[in-house]
Each structure stands twice: as C-alpha cells, then as structure tokens.
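Engineer: Produce the complete structure using the sequences and hints provided.
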Amino acid sequence: MIVIVKYNGGNIASVENAVNKLGYECKVSDDLKTIQNASKIIFPGVGEASSAMKYLSEKGMDVVLKNYKKPMLGICLGLQLMCETSEEGNTVCLKIFNTKVKRFPENEIVPHMGWNSIEILNSTLLGNLKSKTDFYYVHSYFAEICDETTAISFYNQPFSAVLEKDNFYATQFHPEKSADLGYQILKNFLEL
Amino acid sequence: MLKKRIIPCLDIKDGKTVKGTQFLDLKDVGDPVVLAKKYMEQGADELVFLDISATLEKRKTLISLVRKINKEISIPFTVGGGISSLEDAKNLIIAGADKISLNSAAIQNPTLIKEISEEIGSQCVVIAIDVKNMDGNSFVVTHSGTNKTEILLKDWVQTVEKLGAGEILLTSMHSDGTKNGFDISTIKMVSNLVKIPVIASGGAGEMKHFKEVFNQTNVTGGLAASIFHYESISIPELKNYLNQEQIPVRL
Numbered sequence: 001m002i003v004i005v006k007y008n009g010g011n012i013a014s015v016e017n018a019v020n021k022l023g024y025e026c027k028v029s030d031d032l033k034t035i036q037n038a039s040k041i042i043f044p045g046v047g048e049a050s051s052a053m054k055y056l057s058e059k060g061m062d063v064v065l066k067n068y069k070k071p072m073l074g075i076c077l078g079l080q081l082m083c084e085t086s087e088e089g090n091t092v093c094l095k096i097f098n099t100k101v102k103r104f105p106e107n108e109i110v111p112h113m114g115w116n117s118i119e120i121l122n123s124t125l126l127g128n129l130k131s132k133t134d135f136y137y138v139h140s141y142f143a144e145i146c147d148e149t150t151a152i153s154f155y156n157q158p159f160s161a162v163l164e165k166d167n168f169y170a171t172q173f174h175p176e177k178s179a180d181l182g183y184q185i186l187k188n189f190l191e192l
Numbered sequence: 001m002l003k004k005r006i007i008p009c010l011d012i013k014d015g016k017t018v019k020g021t022q023f024l025d026l027k028d029v030g031d032p033v034v035l036a037k038k039y040m041e042q043g044a045d046e047l048v049f050l051d052i053s054a055t056l057e058k059r060k061t062l063i064s065l066v067r068k069i070n071k072e073i074s075i076p077f078t079v080g081g082g083i084s085s086l087e088d089a090k091n092l093i094i095a096g097a098d099k100i101s102l103n104s105a106a107i108q109n110p111t112l113i114k115e116i117s118e119e120i121g122s123q124c125v126v127i128a129i130d131v132k133n134m135d136g137n138s139f140v141v142t143h144s145g146t147n148k149t150e151i152l153l154k155d156w157v158q159t160v161e162k163l164g165a166g167e168i169l170l171t172s173m174h175s176d177g178t179k180n181g182f183d184i185s186t187i188k189m190v191s192n193l194v195k196i197p198v199i200a201s202g203g204a205g206e207m208k209h210f211k212e213v214f215n216q217t218n219v220t221g222g223l224a225a226s227i228f229h230y231e232s233i234s235i236p237e238l239k240n241y242l243n244q245e246q247i248p249v250r251l
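So the sequences go chain by chain: A and B. Quick note: the first sequence, position 185, residue 185 per the working numbering, numbers continuous. Quick note: the second sequence, position 60, residue 60 per the working numbering, numbers continuous.
It should be emphasised that the hints constitute simulated quantities derived from the structure, not laboratory data. C-beta: ideal position from N, C-alpha, C; glycine also. Check before you lean on any hint, since a few could be wrong.
[Claimed, not checked] Among chain B residues calculated to face chain A with C-beta under 7 Å, some are:
| # | residue |
| --- | --- |
| 1 | Pro76 |
| 2 | Gly121 |
| 3 | Gln123 |
| 4 | Thr220 |
Structural biologist: In structure tokens form, the structure reads like this:
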C-alpha cells in the first residue's frame, strides 16, 4: 500500500487526489506500522519545520522514515525535513540528504510563490521531462545545492528543486499542484 | 525565473459564478467547477474563489464546493468569503483549498491573521484588501465595498504583513469592473511597501493592462474575472501576448 504520511494540518487532500487520479490506491496515515510496511511513501507537507520534526520524533516516525528502504518522495516541507538542518526554528532534521535548509534573504519577496522553471542535472525521478519546465512553488526556505541535487531552480540564487539519493526522492515544488507535468512526476515515482 | 501569475477569479454566489460591475448588478456566468476546469486547461496559473454572498448574508463558504474543485483541478486555488475563525480556515484547507483569503474578518479581528498563519502557515493566508481612494488618500473598505473604514491602506498592508499574511490580494474599487486598467499608483505603493507577494485586481479590460501592471509595479500576479468569463480575452492569448512583450509567463 502506498502511504501518505500525515503529520500536520496541511493540504494532503490534493496529494491523495492526485495519486487516486493516476490509478493508484493510497492511505493517509500516521500509524508507525502502516508507514513501515508501505510499498511507497509520500511525505508531503506545508507548515513549520521545528513543530513538524517534534511531532515526527514524538511518534517515532523520524527513525522509521530514515531507515525506510523502498521509494519515498518528499514534497515541499517534506524535502526540507529530509535534509540535515533547517534554519526554520533551528531544527535538526532527518539527515537523509547532505544539505542544509536556509531562509531566502529578507530583501526578497518571500514566500517564493508561483511557477518557476527547473534545470535538470541528472534525474531518475524527472524521467523524460525537459529543463525549462515550470512547476508550482510556495516556500520561504530552500535547500542548498549539494551532490544529491538533481534539478535546480533560481530565485535570486540557485537552490535544490529536486534531490535524489538511493531510494529517497524529493521535490521542493508541488507536483500535485503543477498540472499535467506535475502529475507526470508523481506517475514516474509511482512507477518506480 | 519566477513567472508572473495570471489568476482568474470566480465570484461565487449561491453556488454559481457571478461577476458584476463594482460588485453590484450580478450576472450569472456559470458553474464554478466547470469554469475552473476550463481555466486550468487554458493555462491559468492559479484560481481564486470568493463567496461574495458569504459575508453579506452571513453564509459560510461551501466546504463541499471546495472538495469538488479539489477533485477536478490540479493547480493551486484560494477560497475566500465568510471565513471568520481559525476553524473555518482549517476546514477549508483540509477540504483541499491551498490558501484561504480573509477580508472583513481580518479587519474586525486582526489577530485572526496571526492565529491562522501560526497554525496552518503563512503561505496559506491571503489577505484580500478592497481599497477606495478618497481626498487624496487610500482607505480600506469592506463588505464588498459598501462599508468604509478609517484605516489607511498603507498602514493596513504593513500590519497584515507583520501579523503573518502570506500574500495580499489588492482590489481597487476605483477601477474594479471598469475595464479601464489596473489602479497602477495604488498597486505600486502597496507592492513597494511590503515584502510578501501582491496580486493586483480590479480594472483589467485589455491585454495591455496586464503588461502595464507587471512592468510598472512589483506585483507577482494579476487577477481578473469578467474578461475571462465573457471570453473577451482568453488566457492563452493573454499569455502569448505577455511573452512577446518580454514578461515572464508560464506557457
């Protein structure tokens, strides 16, 4: 069973709808066993990093997610929580990706909200998608570029649009909110 | 590069899409879900649904409509109208709205902005501001323009930013429904005062109006209703035009 991790009050309905529309069944859950036994995990999220991490560790979900061996996809805050640390609430995160999450400078319009294009480096998740494609973003913090960055976006500076490492995948943008091409990414993930 | 957003607005009254001139003289222009889907397929970047009956008639925004919309569309959408508590906001987000917009409730109870943004995140909180220019000053108005306040626009935009608003949707009553173009000077003033995204609304009648507002102000999006509903301008046509005019848009 594909499991969408539930850990805050964010809009999970859109991710769930997208998975269903692509012809897959899924379950929204915060149950440890269910997550552990999932065939794939989607780790979405909007919200605040420190309270999200606190909730995950209280439930013991942090360890389960970190040690998960099947494909897992983080989205937006999900991506950020998969990094080492986040400046948001000075949070120690899951340390899956070897990079840090920083805040966009105060002199820019924040949040970075809207459609922005990506430059694809070497990505499994993005499949046949082309660079310059636009995806929908809404975030005030970003993951710095690292060896695991497989696509880059620019908002006054380059940042990680997509991160990939072993069975772990993550997008800073919202594929579930990025119309047909966003759905294509979810489809790529579900077919892994 | 971040693209400028083209945002059709669907004013909802009794479950149907309507749009009037300066908020009066409403005409029925169709089923919101059908219209939303059409706009998405045409390349709209985001959608805004405002339940304009909600505040005036104390009617709560229909959660079921939000669920239906969420099932049909795969681009972000904002829902506003009649949201007066954290509970209202949360219910709409859980039903599938990406953002909620507050207008008069935020003026009556500014701490609501803080409450909601702390609970569900700033990025979910749009503050809709209706403004009227009088005696050389811009004042905030509420209840679809029928209530004037003593609040100066320049003060209010900075207050909402401090309280945790994620975005401002600015509608100039002076230009709304006129099709004579956006109220550039007011929009410019606001977009220079705050560091959160500002969406310009009110007055779009021709494609060049969008070019003007994007070239002359820092807004990140332009919102319109009637020009799209009545198909006087189609979204693909507008985006191609803006692209030719060197304004970054998603094609």
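Engineer: Under the constraints set out in the numbered hints, which ones does this structure not fulfil?
Structural biologist: No numbers; nothing is violated.
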